[in-house]
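Asks: Below are the chains, spelled out letter by letter.
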Amino acid sequence: MFKIDHFAYTNRLKAVHPAEKFGFAMITLSLCVGLNSLPVSVATLTIMSFAVVVLAGTPWRFYVKLLTLPLGFLLMGIVAVVFSVSSVAAGYLWGFHLAGVYVGVTEDSLYFAVQLFFKVLGAVSCLYFLALTTPLTDILQVLRKLRVPPLFLELMMLIYRFIFVLLETAGRIHLSQSSRWGYATITASYRSLAGLIANLFARAYWRSQVSFHALLSRGYTGRLEVLESDYRLSWKNITVITAVDMLLAVFGLYGRGII
Amino acid sequence: MTEKILEVEDLYFKYEDGTEALRGITLAIERGKKTILLGANGAGKSTLFLHFNGVYRPERGVVRFQGEPVKYNNAFLKKLRKNVGIVFQDPDTQLFSANVFQEISFGPLNLGLSQEEARQRVEQAMAETGITHLRDRPTHLLSYGEKKRVAIADILAMQPEVIIFDEPTAWLDPASHRQVVALLEDINRQGRTLVLSTHDVDLAYSWADYIIVLKEGRVVGEGTPEIIFRNDTLLETAGLAKPWLVEVYDQLLHKGWIRETEQLPRSKEELFHVLGHRKTVSFA
Numbered sequence: 215m216f217k218i219d220h221f222a223y224t225n226r227l228k229a230v231h232p233a234e235k236f237g238f239a240m241i242t243l244s245l246c247v248g249l250n251s252l253p254v255s256v257a258t259l260t261i262m263s264f265a266v267v268v269l270a271g272t273p274w275r276f277y278v279k280l281l282t283l284p285l286g287f288l289l290m291g292i293v294a295v296v297f298s299v300s301s302v303a304a305g306y307l308w309g310f311h312l313a314g315v316y317v318g319v320t321e322d323s324l325y326f327a328v329q330l331f332f333k334v335l336g337a338v339s340c341l342y343f344l345a346l347t348t349p350l351t352d353i354l355q356v357l358r359k360l361r362v363p364p365l366f367l368e369l370m371m372l373i374y375r376f377i378f379v380l381l382e383t384a385g386r387i388h389l390s391q392s393s394r395w396g397y398a399t400i401t402a403s404y405r406s407l408a409g410l411i412a413n414l415f416a417r418a419y420w421r422s423q424v425s426f427h428a429l430l431s432r433g434y435t436g437r438l439e440v441l442e443s444d445y446r447l448s449w450k451n452i453t454v455i456t457a458v459d460m461l462l463a464v465f466g467l468y469g470r471g472i473i
Numbered sequence: 682m683t684e685k686i687l688e689v690e691d692l693y694f695k696y697e698d699g700t701e702a703l704r705g706i707t708l709a710i711e712r713g714k715k716t717i718l719l720g721a722n723g724a725g726k727s728t729l730f731l732h733f734n735g736v737y738r739p740e741r742g743v744v745r746f747q748g749e750p751v752k753y754n755n756a757f758l759k760k761l762r763k764n765v766g767i768v769f770q771d772p773d774t775q776l777f778s779a780n781v782f783q784e785i786s787f788g789p790l791n792l793g794l795s796q797e798e799a800r801q802r803v804e805q806a807m808a809e810t811g812i813t814h815l816r817d818r819p820t821h822l823l824s825y826g827e828k829k830r831v832a833i834a835d836i837l838a839m840q841p842e843v844i845i846f847d848e849p850t851a852w853l854d855p856a857s858h859r860q861v862v863a864l865l866e867d868i869n870r871q872g873r874t875l876v877l878s879t880h881d882v883d884l885a886y887s888w889a890d891y892i893i894v895l896k897e898g899r900v901v902g903e904g905t906p907e908i909i910f911r912n913d914t915l916l917e918t919a920g921l922a923k924p925w926l927v928e929v930y931d932q933l934l935h936k937g938w939i940r941e942t943e944q945l946p947r948s949k950e951e952l953f954h955v956l957g958h959r960k961t962v963s964f965a
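So the protein lines, in turn, are chains A and B. Numbering follows this note's numbering, with no gaps: position 236 of the first sequence is 450. Numbering follows this note's numbering, with no gaps: position 212 of the second sequence is 893.
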């Protein structure tokens, strides 16, 4: 998580207007999920990976590792899709007989599984593109323009900021506990962990009070308003994004015989 | 005639859990001066600060800003908080935004300034605190000293008359310590009134115009640094150490190695000067 955040601030697409990146990620994501076509999903995955690794300069090893994160869940889902159950043995590429029914893999189920696999990876790559190129404060700026209620945005802003403070505090408590053999045995580990959690909540509560006082001291009256960072829209980028997504859409619709 | 910008009179405050934090404090802060509040942990310094800008409401007693008793309505509190800024001790509790530029812009926007004016204020505050190069850095990737300077820029951008610093040098490394002290000097030179709480007696001694000593929610002594730090009984009751400059000076004097100067040396350089002076007298 820290690393994703680090790349979000240091990547080569940092200076690109967040609305362009957000739009690109969201439109491509919708196409990938909505068109439900294998070629479009593969194309999405390729385009987004190209953008993340080549354009933004994220190390490819790190990116590949990120892509493997959802793999566990994905494979479990795919297993359920690949195998189909039927009372007749017809149409199976491979299968077995179990308690009076045939369980096996058909051509259709295999195709469907592959399609699902790439659709999920394609969709995930769109989100990674956004997460790896756009800091949260920039995403909030776009959401604000899209008239998302301020309450949600302020919550997102505070949660994002204080997650780091909380993690740092937890890290420090953990360090101090382990320095005193707090995690040497299983029993000690449970006790230390309980202490850590209790302590963390007490501190978080106290901190929230102080933070509130600090906000009041700066004239807080219920709205967390901040200045937006300056970004320039680039017509070149918008043209490229539109062209890529149009192509994807045409490609997908053509494949399904709609146009 | 000096003007009192902040005054509190017979102030009492009790926390919900029954802790009596302030027990009849009366003191005044003079405009344009550098005042230091000294006192052990739990002496009531931070509680007092939150009375200065109306976040806490006293149980008994009065707070006055520019001679006018503080009223706890929105209009008055707005004016008060515009003019009395507090830099909190732990920047991690003060900084709420993940972006340095946006963080600093919060105060100016609350003052109702236009986007353009707010932007100017932010730029100026970043320049004064030397953090312009950090503008696009995320807050959580800054060093402690950098966060501290962002916290100071937060308040500078609101351009208050009085700036209160709650233990500004706590946990800072020597380089950041020097930077922050130099920054405080700059801010004071612009004519702003500064109030600091600290445990650092050396800083208090060489930096303050006036020192107020708190203990268990009461004022137990006040005066210029020379008066405070030569009052051994006061230092003893308040649990304070002597600044090393005063200690060395007293030793040298006691051993008869230097002659008593008109004024106590307030800095290392002044002490060296006294020593150098002795040399020319005895060996020449």
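Keep in mind the hints are simulated off the structure, nothing from the lab. Bear in mind that the values here come from a model prediction, so they are computed numbers and not experimental data. Quick reminder that beta carbons are idealized off the backbone N, C-alpha and C, glycines included. Be aware that one or more of the hints could be misleading.
[Claimed, not checked] Using C-beta positions, here's what the derived DEER-type ranges look like:
#1 B:D883 <-> A:L380: 33 to 41 angstroms
#2 B:T813 <-> A:Y419: 52 to 60 angstroms
#3 B:S948 <-> A:L341: 26 to 34 angstroms
#4 B:K759 <-> A:F216: 32 to 40 angstroms
#5 B:G723 <-> A:I452: 56 to 64 angstroms
#6 B:G723 <-> A:S448: 30 to 38 angstroms
#7 B:T700 <-> A:G286: 28 to 36 angstroms
Asks: Between D883 (chain B) and L380 (chain A), does the C-beta distance stay in 33 to 41 angstroms?
Replies: 35 angstroms, holds
Asks: Between T813 (chain B) and Y419 (chain A), does the beta-carbon spacing fit 52 to 60 angstroms?
Replies: Between T813 (chain B) and Y419 (chain A), where Cβ atoms are some 36 angstroms apart, the hint is violated.
Asks: Mind checking the hinted window 28 to 36 angstroms against the Cβ distance between T700 (chain B) and G286 (chain A)?
Replies: With a Cβ separation near 51 angstroms, T700 (chain B) and G286 (chain A) fall outside 28 to 36 angstroms, so the hint is violated.
Asks: Does the beta carbon distance between G723 (chain B) and S448 (chain A) stay inside 30 to 38 angstroms, or does it fall outside?
Replies: The hint (30 to 38 angstroms, Cβ to Cβ) is violated, given that G723 (chain B) and S448 (chain A) are roughly 57 angstroms apart.
Asks: Taking the Cβ atom of K759 (chain B) and the Cβ atom of F216 (chain A), is their distance within the range 32 to 40 angstroms?
Replies: 39 angstroms, holds
Asks: Lying within 26 to 34 angstroms: is that true of the beta-carbon distance S948 (chain B) to L341 (chain A)?
Replies: 58 angstroms, violated
Asks: How does the Cβ-Cβ distance of G723 (chain B) and I452 (chain A) compare with 56 to 64 angstroms: does it lie in that range?
Replies: 59 angstroms, holds
In summary, the numbered hints that this structure violates are 2, 3, 6 and 7.
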